Amino acid sequence: MNYIHLVALLAVLQLFLFGILVGRARAKYGVKAPAVNGNENFERAFRVQMNTLEQLVAFLPALFIAGQYWSKALVAAIGLIYLIGRFVYWRSYLADPSKRKTGFLLTVIPTFILLASGLIGALIHH
Amino acid sequence: MNYIHLVALLAVLQLFLFGILVGRARAKYGVKAPAVNGNENFERAFRVQMNTLEQLVAFLPALFIAGQYWSKALVAAIGLIYLIGRFVYWRSYLADPSKRKTGFLLTVIPTFILLASGLIGALIHH
Amino acid sequence: MNYIHLVALLAVLQLFLFGILVGRARAKYGVKAPAVNGNENFERAFRVQMNTLEQLVAFLPALFIAGQYWSKALVAAIGLIYLIGRFVYWRSYLADPSKRKTGFLLTVIPTFILLASGLIGALIHH
Chain C
270 MNYIHLVALL AVLQLFLFGI LVGRARAKYG VKAPAVNGNE NFERAFRVQM
320 NTLEQLVAFL PALFIAGQYW SKALVAAIGL IYLIGRFVYW RSYLADPSKR
370 KTGFLLTVIP TFILLASGLI GALIHH
Chain B
270 MNYIHLVALL AVLQLFLFGI LVGRARAKYG VKAPAVNGNE NFERAFRVQM
320 NTLEQLVAFL PALFIAGQYW SKALVAAIGL IYLIGRFVYW RSYLADPSKR
370 KTGFLLTVIP TFILLASGLI GALIHH
Chain H
270 MNYIHLVALL AVLQLFLFGI LVGRARAKYG VKAPAVNGNE NFERAFRVQM
320 NTLEQLVAFL PALFIAGQYW SKALVAAIGL IYLIGRFVYW RSYLADPSKR
370 KTGFLLTVIP TFILLASGLI GALIHH
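Chains as they are written, first to last, in our numbering: chain C, 270 to 395; chain B, 270 to 395; chain H, 270 to 395.
If we strip away everything but chain C, and leave its shape as in the complex, we get (with noise of 0.2 Å):
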């Protein structure tokens, strides 16, 4: 098994299916296209959406730019802690978006552990 590979399509997934929960939001709410205010509870699963498409952008690159120079498990294992900090982001966003804090540092924390290893790893290769 490639678990990086792994990871990384889970959280690709991880943000299809806000995707879609943002497109029932858009149905339930009677937010039309092309809109995305107005509702508040619309709003917050859009934000969710918008967040985790910026979260994704930085940690895919971090993942396999570290998965190439340290252990491809471990970094695989911080990078699960990735997706479950995004589905505690997730509910804790549409519960109420002032608790947002604990799910998003559970994302930005192995973002930044990876991106930290990463650059360790490009600044010592050789």
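Watch out, some of these pointers could steer you wrong.
Copies of the same chain look alike in the list, so a pair counts if it fits in one copy or across any two.
Stated by the list, open to error - Here are the simulated lysine-lysine pairs, BS3-like style, with alpha carbons at most 25 Å apart:
| id | residue 1 | residue 2 |
| --- | --- | --- |
| 1 | K368 | K301 |
| 2 | K301 | K370 |
| 3 | K368 | K297 |
For the record, the hints were derived by calculation from the structure and aren't laboratory data.
The structure presented is a predicted model; accordingly, all values stated were derived computationally and were not measured.
For chain C, the structure is supplied; the task is to place chains B and H on it using the hints.
Chains B and H in isolation, oriented as in the chain C frame:
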């Protein structure tokens, strides 16, 4: 020729193109930065770009990973459907956002096939 | 040192930095999640982050693919211009959105050169 790289770069160029069209819509409909609302036609162009951004972040890793396990020509051919689907999406969204579904599915289904192929590849890899 | 990886990770860190600045602007200007409008200064910081996200999604694949066909040091040097251009973009957008053009071009042109180099590389590859 590296078909995977070609399709990947064409998909990136397509996002660039949609971004240029947003810039032109900004000028044409008098929507001054940082605003992203206020004119329905501008909002349509903007949502096409944003949705393409979301799709591309899923498409590119799926394309690259699937291409490492399966026939590169076949994977690139599926990627071509994504490219065409995005153009269909763009044209139909600008004409009438409620008709965006066909183009949307023509993007999402190829990406989903690549995601599934990549997942299977990563799982059976040893 | 792997220059391509270094530039890629620095570009990701830059997106992170802009994200942190959006979080601070949220607090400073009293824009509560999930809202992303209502204060011009917040909207500027937010648009810098979103535009950087769009650019990064184009820049990273272009950087990686160009780096597989051409001198990695040269490709990374072009990437450095992107990094500097994004900082110029950020500073000028926050000061006055109508002055964002120089920084914008300093990002778009390097990315475009990398895209074109990657396309040529992928086409002549055998």
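Exercise for the section: Tell me, in ascending order, the numbers of any earlier hints that this structure violates. Expected result: Nothing - there is no hint that the structure violates, so all of them hold.
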